[in-house]
Amino acid sequence: MKHLLSIEQLSREEIEAILDRAESFAEVGRRDIKKVPTLRGRTVVSLFYESSTRTSSSFDLAAKRLSADLVSVKAAGSSVDKGESLKDTIATLSAYDPAAIVIRHPYAGAAQMVAGWTAAAVVNAGDGKHEHPSQALLDVYTLRRRLGSLEGVRIWIVGDVLHSRVARSNLIAFNRMGAEVTVCGPPTLIPRGIEELGCEVSYSLNGVEEAEVVYALRMQKERMSESFVPSLREYAANFQIDTRRLNPRQLLMHPGPVNRGVELSGEAIDSPQSLITEQVAAGLVVRMAILYELLAGSEGQTPAGEGEGSKPTPIGTPA
Amino acid sequence: MKHLLSIEQLSREEIEAILDRAESFAEVGRRDIKKVPTLRGRTVVSLFYESSTRTSSSFDLAAKRLSADLVSVKAAGSSVDKGESLKDTIATLSAYDPAAIVIRHPYAGAAQMVAGWTAAAVVNAGDGKHEHPSQALLDVYTLRRRLGSLEGVRIWIVGDVLHSRVARSNLIAFNRMGAEVTVCGPPTLIPRGIEELGCEVSYSLNGVEEAEVVYALRMQKERMSESFVPSLREYAANFQIDTRRLNPRQLLMHPGPVNRGVELSGEAIDSPQSLITEQVAAGLVVRMAILYELLAGSEGQTPAGEGEGSKPTPIGTPA
Amino acid sequence: MKHLLSIEQLSREEIEAILDRAESFAEVGRRDIKKVPTLRGRTVVSLFYESSTRTSSSFDLAAKRLSADLVSVKAAGSSVDKGESLKDTIATLSAYDPAAIVIRHPYAGAAQMVAGWTAAAVVNAGDGKHEHPSQALLDVYTLRRRLGSLEGVRIWIVGDVLHSRVARSNLIAFNRMGAEVTVCGPPTLIPRGIEELGCEVSYSLNGVEEAEVVYALRMQKERMSESFVPSLREYAANFQIDTRRLNPRQLLMHPGPVNRGVELSGEAIDSPQSLITEQVAAGLVVRMAILYELLAGSEGQTPAGEGEGSKPTPIGTPA
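Protein chains in written order, with numbering that gives the first Met the number 0: chain C, 0 to 318; chain W, 0 to 318; chain E, 0 to 318.
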């Protein structure tokens, strides 16, 4: 694996390998010194053309816990302001010989293009409405820890599927892991022909009680002014997940940040069924695993502790 | 001490302990390698909802000199833009299992609330008009170094006391250390009943010659449009500290950033009586001490030098 | 050398010494661990009052690869917003006892003034229309690697010479290294009397075929509204460097970021003659060399590898 551009590119075995690696980083996270020297002296560039707290801080901290040197570029206040093309920005940053470039960009396919312009490993941290593979991996990781396996698990993805790269990547990933997926939302927010990706479609929450997992999507306020929904209030009346709709055996997920009182009720967010905080914790170790697999991965090895040298060493090496 | 939420919470002995610790970090700061491994592999989150150079860079550098991994989140360009609640942001950041969260927020009581939502140690870096405890500690540190003790020292706090968390925290801290405090400013900018906190009130600078220390507050330009003062010029005419008003035995302090020519004259700022730069230097070592006491503190120990391992070691250990 | 404020201040021998040092850092950049411990435990402050990707990320990464602790302050979101004077900001940041302050500021002479206010080494990362010495050094480095020497090399600097600190610093540096410089652009954008700095002037590209190196400057879009040029289209028609104008033996340079289709055609940027990416790579090692020379430089020594201790050690020491 040279780049991580999409979930589409990954086989079930490759997904499992990343998740297994993430488990070993979860173990590192329980140590006093939550850090390994794997990427010491190597450079990771983080290049975000859209604002983000969760994804960018998660990748940044992942790089730091792998001891990489981080160059973090936000579109605002950068040459991007001066109209430099993406290609030229990548050429510039590539001149530092980074080991990896983590990129978020508003255009679908941006990460793929970047991979053609640089010798660095490219990680797609979200490209327009296309894909958000690290999100899908952390969600599969979270569910695998809870349920052991996704085989046969029924998952409903609820909300603005049309504009969501998370919906797209997760649908593909959940399918690949053997889950049975239903996408649910108002007809204006479900893309035509999505069944071909291998899912059921529901235009109401009727039937959601069959799901083991309910995955709610963020509802952008802009959708109202764009006439996709008549009002957030009406959307919430029909599609908000609350503790009355959720039964106690169901698990609740959301990619964050949440609009409290729109796609989820406050009670649901804070309920024991909610995996939202576990998802964020998973994000850190899964992103460490992604960087590790791309930059340092090899069979039968695990990250060493601080001070153990920069080469991967056998499983079980203490910190 | 689990959190640092206010000066109110600290006894004189606890304040002294932090200042003693800060002295040992001042010694580290005189070494070639101004760094200790105390927090290696631990994560410090810095979360600022208000702009800041001095406080945020000071905490960030303090964390780095303790070898922590730092996640620095500014409100602009973060999920905060997307309307995420403070509670959800804290849940997100807490999922990284940080050792400490340093927070500045425009609402009084924000840090206290955050402490209820996270397992991390919380440091209040300013909450609305309530408290700014690290500022008060660095000011006490600065004066203790100059004067040996604050016992019986007469301190005038001059300016916009009403809107100032610095005034509030410093008044409490100075009192606790045995100083005698007078607050001074136009009646519109002195809160009613402030005498109950243990201070004199003066509505003019008459009598300021009795003070050993004059502590000027920042005058926000907004106060003029809000009608608290008729004009900055009139404010300056009545309350500006300049070298004519200051006598050569008096010390001058200010929390920064200064409005030159408003609350202080340029000459006063640059005079040998001014402790303003010493205050900033104190900020770094006091914030190292705060993080140390919260995260690594124990009796009779001092920070080790680089390469001495991550455990606190006995006083006198060379770098 | 205490500060790097201008190219003007440097003799040919001093320039050569920095370039030689940069060569040794280029060797570090080819290692797995692209990092040396030279500045461990020392603090570098990066203070940018103008937006920048390339220069600021380059200095930041240079500081990190030297193992310094970095405090990066951008004007937006800092006390600068609150109207603090440059002098007071420098006093504040100097209180952290940084080894170096790297400053970009819109006023010519700002870096020089800063050097008078701080004990830190000051690096001018661009001051108004005055100088940008690290850019000139990286450009000389790039050409020296390609051509062996600049002695007698004919270089045309094309574009908005009037507003360009790059043009000014490069003209001085190229001259000092023995090159023969022509500046070229519309009369409105060539400063009167520039010949006195030691160059020819041309108001058209006629004759550019004699150059071994064509150095194109960035054309600011603002120049059109300011009436310096009638339109970018007309500017491009007369002064754009494209592959028809460039002959295959000529080298092409640009300080970046490029306006594709204005001062350079896309084809020219991407041609094998273009050194633009090499310039960026040179920027990193030259800036490491600048920080090294100011903070750790001494005769006959070279940076040690990671783990070799923080003192400079003899040439050839492995990492």
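Hint data in this document are derived by calculation from the structure and do not stem from the laboratory.
These figures come from a predicted structure and were not determined experimentally.
Among the hints, a few may not be true.
[Stated by the list, open to error] Lysine-lysine pairs mimicking BS3-like chemistry, simulated, CA-CA at most 30 angstroms apart:
#1 K220(W) to K73(W)
#2 K1(W) to K128(W)
#3 K73(C) to K73(E)
#4 K128(C) to K1(W)
#5 K128(E) to K86(E)
#6 K128(W) to K220(W)
#7 K128(E) to K128(W)
#8 K128(E) to K86(W)
#9 K1(W) to K86(W)
#10 K128(C) to K73(C)
#11 K73(C) to K86(E)
#12 K220(E) to K220(W)
#13 K220(E) to K128(E)
#14 K73(W) to K220(C)
#15 K86(C) to K73(W)
#16 K86(C) to K1(E)
#17 K73(W) to K1(W)
#18 K73(C) to K73(W)
#19 K86(E) to K128(W)
#20 K1(C) to K128(C)
#21 K73(E) to K86(W)
#22 K220(E) to K73(C)
#23 K220(W) to K86(E)
#24 K220(C) to K128(C)
#25 K86(W) to K73(W)
#26 K86(C) to K1(C)
#27 K1(W) to K220(C)
#28 K73(C) to K1(W)
#29 K128(W) to K128(C)
#30 K86(C) to K220(E)
#31 K86(C) to K86(E)
#32 K1(E) to K73(W)
[To be verified] Which chain C residues stay away from chain W? Per the calculated CB distances, all over 12 angstroms, these:
#33 I32
#34 K33
#35 S57
#36 A61
#37 Q111
#38 E194
#39 L196
#40 N237
Ideal Cβ positions, reconstructed from N, Cα and C, are used throughout, including at glycine.
Hint-by-hint comparison with the structure:
In summary, the hint linking K220(W) to K73(W) is supported, as the alpha carbons are separated by about 23 angstroms, within the 30 angstroms threshold. With a C-alpha separation of about 23 angstroms, the suggested pair K1(W) and K128(W) falls inside the 30 angstroms cut-off, and the hint holds. A C-alpha spacing of about 12 angstroms is found between K73(C) and K73(E), which places the hinted pair at or below 30 angstroms, so the restraint holds. The suggested pairing of K128(C) with K1(W) is violated, with an alpha-carbon distance near 44 angstroms, which exceeds 30 angstroms.
Between the alpha carbons of K128(E) and K86(E) the distance comes to roughly 20 angstroms, so the proposed pair stays at or under 30 angstroms and holds. Our distance criterion of 30 angstroms between C-alpha atoms is met by K128(W) and K220(W), whose separation comes to about 16 angstroms. For a cut-off of 30 angstroms, the pair hint linking K128(E) to K128(W) is broken: about 43 angstroms separates their Cα positions. For the given pair, K128(E) sits about 47 angstroms from K86(W) by alpha-carbon distance, which is inconsistent with the 30 angstroms threshold.
This hinted pair checks out: K1(W) and K86(W) have alpha carbons roughly 19 angstroms apart, not beyond 30 angstroms. Taking the CA atoms of K128(C) and K73(C), the gap is about 20 angstroms. The hint holds against a cut of 30 angstroms. With a CA separation close to 28 angstroms, the supplied pair K73(C) and K86(E) stays within the 30 angstroms bound. Proximity of K220(E) to K220(W) is assessed by CA-CA distance (about 35 angstroms); at most 30 angstroms being required, the pair is judged violated.
A C-alpha spacing of about 17 angstroms is found between K220(E) and K128(E), which places the hinted pair at or below 30 angstroms, so the restraint holds. The suggested pairing of K73(W) with K220(C) holds, with an alpha-carbon distance near 22 angstroms, which does not exceed 30 angstroms. Proximity of K86(C) to K73(W) is assessed by CA-CA distance (about 28 angstroms); at most 30 angstroms being required, the pair is judged to hold. Annotation: proposed proximity of K86(C) to K1(E) is violated, straight-line Cα distance about 38 angstroms (limit 30 angstroms).
Proximity of K73(W) to K1(W) is assessed by CA-CA distance (about 24 angstroms); at most 30 angstroms being required, the pair is judged to hold. Using a Cα cut-off of 30 angstroms, the hinted pair K73(C) and K73(W) holds, with the two alpha carbons roughly 12 angstroms apart. Among the hinted pairs, K86(E) with K128(W) is consistent with the structure: their alpha-carbon atoms are about 28 angstroms apart, no more than 30 angstroms. As the CA atoms of K1(C) and K128(C) are separated by approximately 23 angstroms, the hinted pair is consistent with the 30 angstroms bound.
Proposed proximity of K73(E) and K86(W) is supported: the alpha carbons are some 28 angstroms apart, at most 30 angstroms. The straight-line distance between the Cα atoms of K220(E) and K73(C) is roughly 22 angstroms, inside the 30 angstroms bound, and the hint therefore holds. A distance of roughly 20 angstroms separates the Cα atoms of K220(W) and K86(E); the hinted pair therefore holds under the 30 angstroms criterion. A threshold of 30 angstroms between alpha carbons decides the hint, and for K220(C) with K128(C) the separation of about 16 angstroms falls inside it, so the pair holds.
Simply put, K86(W) and K73(W) have alpha-carbon atoms about 16 angstroms apart, close enough for the 30 angstroms limit, and the pair holds. A threshold of 30 angstroms between alpha carbons decides the hint, and for K86(C) with K1(C) the separation of about 19 angstroms falls inside it, so the pair holds. Distance hint between K1(W) and K220(C) is unfulfilled; the C-alpha atoms sit about 39 angstroms from each other, more than 30 angstroms. Taken as a hint, the K73(C) and K1(W) pair is broken in the structure, with Cα atoms around 35 angstroms apart against an allowance of 30 angstroms.
Distance check on the hinted pair: K128(W) and K128(C) sit about 43 angstroms apart at the alpha-carbon level, beyond 30 angstroms; violated. For the hint linking K86(C) to K220(E), the alpha-carbon distance of about 20 angstroms falls within 30 angstroms, and the restraint holds. Proposed proximity of K86(C) and K86(E) is contradicted: the alpha carbons are some 39 angstroms apart, above 30 angstroms. Taking the CA atoms of K1(E) and K73(W), the gap is about 35 angstroms. The hint is violated against a cut of 30 angstroms.
For I32(C), the shortest C-beta to C-beta distance to chain W comes to about 3 angstroms, within the 12 angstroms cut-off, and the non-interface label is violated. Its closest Cβ contact with chain W, about 5 angstroms, brings K33(C) to no more than 12 angstroms, contrary to its assignment away from the interface. Residue placement check: S57(C) does not keep its beta carbon more than 12 angstroms from all beta carbons of chain W (closest about 8 angstroms). The claim that A61(C) lies off the interface is violated: its Cβ sits roughly 10 angstroms from the closest Cβ of chain W, which falls inside the 12 angstroms cut-off.
Every Cβ of chain W is farther than 12 angstroms from the Cβ of Q111(C); the closest lies at roughly 25 angstroms, confirming the non-interface assignment. Remark: the non-interface label on E194(C) is consistent with the geometry, its nearest Cβ contact in chain W lying 31 angstroms away (cut-off 12 angstroms). Every CB of chain W lies more than 12 angstroms from the CB of L196(C), the least distance being 27 angstroms, so the non-interface label holds. In this structure N237(C) is separated from chain W by more than 12 angstroms, as the shortest Cβ-Cβ distance comes to about 21 angstroms.
In terms of the numbered hints stated before, the structure departs from hints 4, 7, 8, 12, 16, 27, 28, 29, 31, 32, 33, 34, 35 and 36, listed from lowest to highest.
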